[in-house]
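First to last, the sequence lines map onto chains A and B. Numbered by the numbering used here, the letters in the first sequence go through residues 1 to 220 in order. Numbered by the numbering used here, the letters in the second sequence go through residues 221 to 1028 in order.
The set of hints was computed from the structure by calculation and includes no laboratory data. Certain hints may be false.
Said to hold, decoys possible - Just a few of them, taken from the derived set where beta-carbon distance is under 10 Å, the chain A residues facing chain B:
#1 Val-17
#2 Glu-20
#3 Leu-41
#4 Asn-42
Stated by the list, open to error - Listed next, the stretches of chain B that the computed footprint assigns to chain A, with coverage defined by at least 3 CB atoms under 8 Å from CB atoms of chain A:
#5 282-291
#6 539-545
#7 676-683
Bear in mind the structure is a predicted one, so any value in this text is a computation, not a measurement. Glycine residues also receive a C-beta, built at the ideal position from the N, C-alpha and C atoms.
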Amino acid sequence: MKKFRTDEVETTALNNVNMEINEGEFVAIMGPSGCGKSTLLNILGLLDNPTSGELYFNKTQVDGYSERQRTNLRKENIGFVFQSFNLIEELTIYENIELPLLYMKVSSSERKKRVNEVLERMKIAHRAKHFPQQLSGGQQQRAAIARAVITNPKLILADEPTGNLDSANGEEVMNLLTQLNETGTTIVMVTHSPSDADRSHRIIQLFDGHIVTENMRQKL
Amino acid sequence: MFKNFLITIIRNISRNKFYSAINMAGLSIGLVCTILITLFIRDEFAYDKYNLKHERIYRIGSNFTLNGNRDKVATSSLPIGITLKKEFTEIEDYVRFINTGKLQLKYNNKEYNEERAAYVDSSLFNIFSYKLIKGNEKALSKPFSVVLNETLSNKYFGDENPIGKQILVDDTHEYTVRGVIEDIPSNSHFKFNILYSMSTLVELSDDGYINSTEPGAFWNFSNYTFILLKEGSHISSVEKSFPQYYEKYMKDFGDQIGIDFKIVFQKLTDIHFKSDLNWDAPTGNIKYIYILFAIAVFILTIAGINYMNMATARSSKRAREVGMRKVVGAQKESIIRLFLLESLSLTFAALLIAIITVELILPFFNLIVNKDLILSITQTPDVFLFIIAVALLLGIISGSYPAFYLSAFQPASILKGSRRARGGNKLLRQILVVCQFTVSAIMISGTIIVISQLFFLKNKDMGFDKENIIVAHVRDSALRANMEEFKLELKKNPRIEAVATANSLIGFTGSKTVHLYESEDTMLEYALNYNVIDFDYIDLMKLKLMQGRKFDRSIITDSTTAFIVNQSASQKFNWGADAIGKKLQFGISIGEHKDVRAGKVIGVISDFHYQTLSMAIEPLSIFISENPEDRHLVHFKIKNHKQSETINYIQELWKKFSPNYSFNYYFLDEKINTRFKTEERLTVMFIIFSIVSILIASMGLFGLSSFMAEQRTKELGVRKVLGATTNNIVYLLTKEFLKLIIIANLIAIPIAYWSLSIWLQDFPYRIIIHSWIFVLTLIISLIIGLFTVSWQSYKAAEANPALAIKYE
């Protein structure tokens, strides 16, 4: 369960959500605005602690972790992709992608190798020295995905990754995520788009903080 | 990681040029002020410390009581140094200074008028660390030897070797130059340019009074004496045994004349700040050091607050960066480090700018404060270390709030994009703005008060007429003797209204001597200020007669027995309305001392400031002397127009009467105003530093208001759509800041009132701190605040609401 407190009002954002996500899965979370999708994603991403309840990551119970522990776990294992990209404006594309490696204290030569590799893979190598504002939305999101995958995380959390993109760019981003899933990365994605959700193995429908349906899909 | 931090910081600074410029400028200006004030204070505390033996050098002062009236003076008698050295094994050596006042030097038929000369014992170089550039430590042993400072030596002799050259002093004696010293540092409590050998006076005087130790000689406190203790000795042991010394040398005579004497030992390095003795050279004022220190802290606080305000206000812009860094693995400490590094980089860049600026403006600052301050790594490494520490502290303190504030951001709440972090804690920011404007208001009201006090001192009715009077020193005995004839010639020019002579310069320190005054049936002793004048003096100075009559040429006894006293004296002696006819005697006769002038009071004049305005008016006697040698000052009251012509006329006539001495003059009012140099300097510094603090605070307010306007773009757009006029919006944005400024002023009033009252206590004549000063301060603050804020507000109010609403 997750509750939010302001001065006067206590709001329950998630209530009695029981779910399990297996390694290698591609899960889509859907539901109307304010149903708790992002809260769920934040808890899964260890950005937030649940108010009550249990959370296991890799068979380890993590719901009581301190901020420091969560940060350590997160930087090794989880990558994030946001609707609004959240690239740091003061850093170039190259530097943005390199940032997680800096916090993991990866050596400089290794960093260079891995950043260049992922730049190639995301087809934005020619944009390495540009600043985020100089790129199109699709390119920015590809850079954000590059940043998310640079640490080879086990889990990628994507919060409406195509929400700010036109259909062609959205399609491309979804292709990238699908490819990542195919190489073994677990993906949990919040989305409003049924066509994006179609790419997943399983769709979880949230309403008012509850799971209303869980829909296993046979991947084609 | 460090590189990544630096990249972020540098790009952040360069992307936000406007805010960075405000921050940098504020920090730089603040540090410039701090460095200047540090240099100033350091110099003040280093007074006389260039003397290597300063720990062991003491000045002998005199503390004596005459009929219950205590006087403490910085001077001592001629024999005290000699006898102390003889009696106390603790004392290694002594040196005496006898000041000579103004004099005229001639070399190669060129005439120079100089001040700051003294006769000194040859032990000088053993005690004080004056660096001899030419000559040796025996330079002052032989009679008629003179040691010049470097400036004078260059002035007279240029590249020639000065040693052995002859200088004619006051057209009477030839002195041989036997040494040249480096100019005495400006932070010396005395600064002599010319030093004559004491043995000259021994040779010139018939009675050998210079080295005489006869009992009467101990009671004439006419010179400065310094002693040097032996290493390992303490002044306390000299103090302890002083009663035995007193018994042996001074007690008998002292009891006879009814004076009680206590010796005063002042450590050389204590003189500048701690001396409260009369007849001292001008000393420093520790209060000014406190004031300047407070100003430096104030200015740095304002600059630091600017940084904090700007950094937190802009935090919404940085939130995404913080959030993302946390998402990809940054711990809280890492974020704190980033922001501290940012504030430190900015502070140290500002420090660099500040140091360069100080190097550029130091010559001008030196002119204002009359010092030779320097900032260099080799000569003032301590100052460098200190300001680096200050910058470090400033960077950490001003960076820590934004660092902790920003590092506490929860990434989950910011990264969604819809929820934006608010621009810092609004209340805290308001408190900080109030702090800044409180400080500014204190500075503004302080400036107004300091200026008013200076204006008050300069324009205070001194009780005499100081306008259009020029004064010259008569060094030529022949002219002194011919004065009446000279006056008659001068009066032929209708633009010269009056000419009068006197012994002491009006508006400055008076001379004191023991008098006997009539009290009931007896005569009591009193150390009374006196001035020797001539028949025209009272009229020329427009002194007001209250009782009796003025001196009259036709009454012969007026120049031998008549006295005029001031109101304070009449009150002090309890004469009331019957002062006229009371007996008064100048000097007392004991043994061989017969130098007395006994007579009666013929008039009482109203009090006037014959001493400086920094002293309350004391009792005074004035009288005429038949001996023209007693009056070395001549005053010319001239008409207001064509003054230079009049002065030329006087000069021509002077040449006729005194061909060997040039005519050097000054205007009395200008001379009197020079007495306020310290206050003037403080005023100038106050003005400069308060302008600086207001400037920095306004820059901060400007930055903050533009940020607020920017942040509220959407709100303002909606308001406009709903019908708000430009005026409504300007009012809305401005009133918030103006409210803060009013609060700041309310806080500032008691602080400024209290602290400036303490400063004013030093002045016996001072202004009252009226409420208008604070009203004026409020008006000035409001105008500055309004001016700063309204421009941004107006810009925001004029913006097209359609654009504002569409945004996002």
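For each hint, the structure was consulted:
{"no.": "1", "hint": "Val-17", "result": "16 Å, violated"}
{"no.": "2", "hint": "Glu-20", "result": "22 Å, violated"}
{"no.": "3", "hint": "Leu-41", "result": "9 Å, holds"}
{"no.": "4", "hint": "Asn-42", "result": "4 Å, holds"}
{"no.": "5", "hint": "282-291", "result": "violated (count 0)"}
{"no.": "6", "hint": "539-545", "result": "holds (count 5)"}
{"no.": "7", "hint": "676-683", "result": "violated (count 0)"}
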